[in-house]
Amino acid sequence: AVVSTQSTGVFGEKEVIFGYKGLKVDVFFASGTLTQYVKIDYTEKIGADGAVSCEADNILQLLSDITPGGFTTDYVEFIGALEKNKKFHPPGTLVESYTKKGKTFDVYYSTFEDEKFREFHNRLQVFILWYIDAASYIDDEDPCWNL
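So for the sequence shown, the working numbering puts the first residue at 120; every next one is plus one.
The set of hints was computed from the structure by calculation and includes no laboratory data. Fair warning: this is a prediction, and the values are worked out from it, not measured in the lab. The beta-carbon is built from N, C-alpha and C at its ideal position, and this holds for glycine as well. Watch out, some of these pointers could steer you wrong.
Stated by the list, open to error - List of simulated lysine-lysine pairs, DSSO-like, C-alpha gap at most 30 angstroms: (1) K140 <-> K164; (2) K220 <-> K203; (3) K158 <-> K140; (4) K235 <-> K203; (5) K158 <-> K143; (6) K203 <-> K222; (7) K205 <-> K220; (8) K235 <-> K206; (9) K133 <-> K143; (10) K158 <-> K206; (11) K143 <-> K205.
Unchecked claim - With beta-carbon atoms standing in for the labels, derived distance ranges: (12) F147 <-> V226: 23 to 29 angstroms; (13) Y227 <-> G166: 43 to 49 angstroms; (14) Y256 <-> F207: 20 to 26 angstroms; (15) T192 <-> S150: 18 to 24 angstroms.
Could you build the full structure based on these sequences and the hints that come with them?
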């Protein structure tokens, strides 16, 4: 597991999620396809009983706002995606392969003109918000970006 200690790009500068006790938010990624699974657990949520007029932050909406590639909250669906992950290879053109310490690595090249790459990039780019302070997404309409 890789734990992010940076979430200002997701939950604001103060990195606060309002309205929960015992909150735990887990975001899992399939290693190749980068399909995402979100699991949210908490012991108590403000306003759930209607006694308080304010509402807890909508965590799924906050995550949806920064995740153009989407995610699932269905564990069984995610496990199915992991099976597809076994056959995954990145979109684009294979430009080089090399072997190091008995493992083969492939290097691919693509542009945003490739719709499959654009979809993959949408799932990939969310990592910068979790790991780079003050990061923002690149403009995928800019023809200067080739990856």
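**OP:** May I ask which of the numbered hints given earlier this structure violates, with the numbers listed in increasing order?
**Re:** Of the numbered hints, all hold.
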